[in-house]
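Visitor: For reference, the chains in residue letters:
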Amino acid sequence: MSNAQQLLLERERRFNDAVALKKPDRVPIATMWDFFPARWKGISVKAVMYDPQLMFDSWVECLEHFQPDMGENPFALRGLARVIEALDFQHLKWAGHGLGDNMSYQFVELEVMKADEYDHFLFDTTDFMIRRYWPRVYKALAPLENLPPLNQVISYFWGLYSGVFLLSPEMEAARNAMIEAAKASAEVLKWAGAFAKKLIDMGFPIPSGGYSQVPFDTLGDVFRGTKGIMMDMYRRPDKVMAACEKLLPIMIDSAVASAKRTGVPRVFIPLHKGLDNFMSPDQFHKFYWPHMKELLEALIREGITPWVLAEGICNNRLEAFRDVPPGKVIYHFEATDMVLAKDMMKDRCCIRGNVPMSLLTVGTPEEVRAYCKKLIDTCAVDGGFIMDASAPLSDAKPENVQAMYDFTKDYGV
Amino acid sequence: MQELVNAVAEMMEEQAAALTKKYLAEGVAPLEILNAYKEALAIVGKRFEEGSYFVPELILAGEMMKHAAELIKPHMGDGKGASGAKKVGKFLLGTVEGDIHDIGKDMVHMLMEINGFEVRDLGVDVPAKRFCDEYRDFQPDIVGLSGLLTLSYDSMKAVVDGLKEIGVRDKVKVIIGGGQVDERACKYVEADAWVTDAVAGLKCALQWIEH
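If you're matching them up, the sequences are chains A and B in order.
For the first sequence, this note's numbering begins at 1 and goes up steadily by one.
For the second sequence, this note's numbering begins at 414 and goes up steadily by one.
FYI, nobody ran anything at the bench for these hints, they're computed from the structure.
By construction, the Cβ of each residue, glycine as well, lies at the ideal position given by its N, Cα and C atoms.
Heads up, none of these hints are tricks.
If you only want the chain A side, here are some residues facing chain B, beta carbon under 7 Å, derived:
| hint | residue |
| --- | --- |
| 1 | M103 |
| 2 | Q106 |
| 3 | T226 |
| 4 | K227 |
| 5 | M230 |
| 6 | M231 |
| 7 | M233 |
| 8 | Y234 |
| 9 | F278 |
| 10 | M279 |
| 11 | S280 |
| 12 | M357 |
| 13 | S358 |
| 14 | V362 |
| 15 | S394 |
| 16 | D395 |
Build out the structure end to end from the sequences listed, making use of the hints.
Guide: Structure (structure tokens):
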């Protein structure tokens, strides 16, 4: 067995032991890199987003340097510039496209689905997606807004108008944009595949094989906008529930399909709007947790480990979060009280996190080591813990990231 | 008027709008109605602090207030009213350069205004120089810097440095707000206070103005 194969097995076992609430040979450590590797190399974010070879090489170098217990493939999320550019994607601003050359992606709040469009969404989600959602989120597909309803193309004489519309000049432009985006997607996938292979060759397990969301988050993030969905809980609660029900199987099926396609039985699920300060316990238990629980259970049934990134503070959600089969879920916490989290989760779920981004960004290596020591002492003594930052590394100071890795590997045995 | 206060505080949006229309039709002074909203918003803020209200209630209360202001507008003879009332202080606000998030900032704007601050909101992705230029023109008591990302720390710091350069740092309070700010970030930025929610920001601003 080669050294890399051995490393791969060792790391996978270390990681899986922690997930299964066993005590690994040492505390596993991994991080979400965001564009840290580019900054670490002194290259701009924009440069790596538009130059896949540069992205490939910098990430390889960074992972080889820090030697995490899990790799990360940057292409699926960070290498998309040409795809979203071809589609004129509205939900993000990125380096060189509304943001400075050294900035990470930023999400743009939009009310893509209007309050009076719930019924359309509920009646025929796919029709709504194609003729209302896509045209607004992908500006290059704006002409689809004028496409006749496809469910009216039932027999030969019903299809004439739709068929003719496809020949219009604006549809030609939209079609070309789709083809451009598809070509760019194929290019990204080629690089993503090569990078996945490289990770394995270097002995790094792949952290996640798919992405999913709690339906309330999807509905709020990309359909209604934060403000819209917050008011909908009061103005049209039944519609919110119905839309979440509609989204749940989509959130499950797409994640399962992706995990199967990639062969990586882990799915990343960031939580956005169910946090302590974002909604009341009653609202959480009505609009958020039931679908979240169903999502987690469905993934677990498929042999998938959900990696839940609980952003913000979730102290009051721990009681609900622990209601899942033991040893099957990773809860990655940002600012949740880790002592409390450990206490609540020790017999249920592996916890992960939570070296604060402020500490990694403006603190000192000494402060980082002190924080990591406290984390290991309180959370890792009996296993069931993975060291990580509280959020993607972004613009963390390299010496602080180094301190976090070195200390964990030294002390966490 | 208590009925209106309760309707707003209890998130009964339709009832609040109906009562507002009714009072206006009856000839109740617009200012009196606005004061009822102000009282209700204070209750909402208090419940937020106590942990029984959350973001949805702040947003909905803000919307009710906005709707009421629209209803009341035609009844304002001289264009004054809420804006004609005496201001407790001036608040310069914006999301710092490189950051485009505005939900938190907008909640701060709403709460400050209702509580008697004259607010100048510079929007998002605001360069440090613009804050300083606007400072000269507006002469605020407090500068509020919003930002959701750690990337914002340096932009916030640049604003504080700019205020130092124009020699006004000791004349103005600086408060930073956002999901990633904490004591450490506050020290780095050299701000006077940090908060992670809008109500805490309001409370801090009111304390400064009182002293």
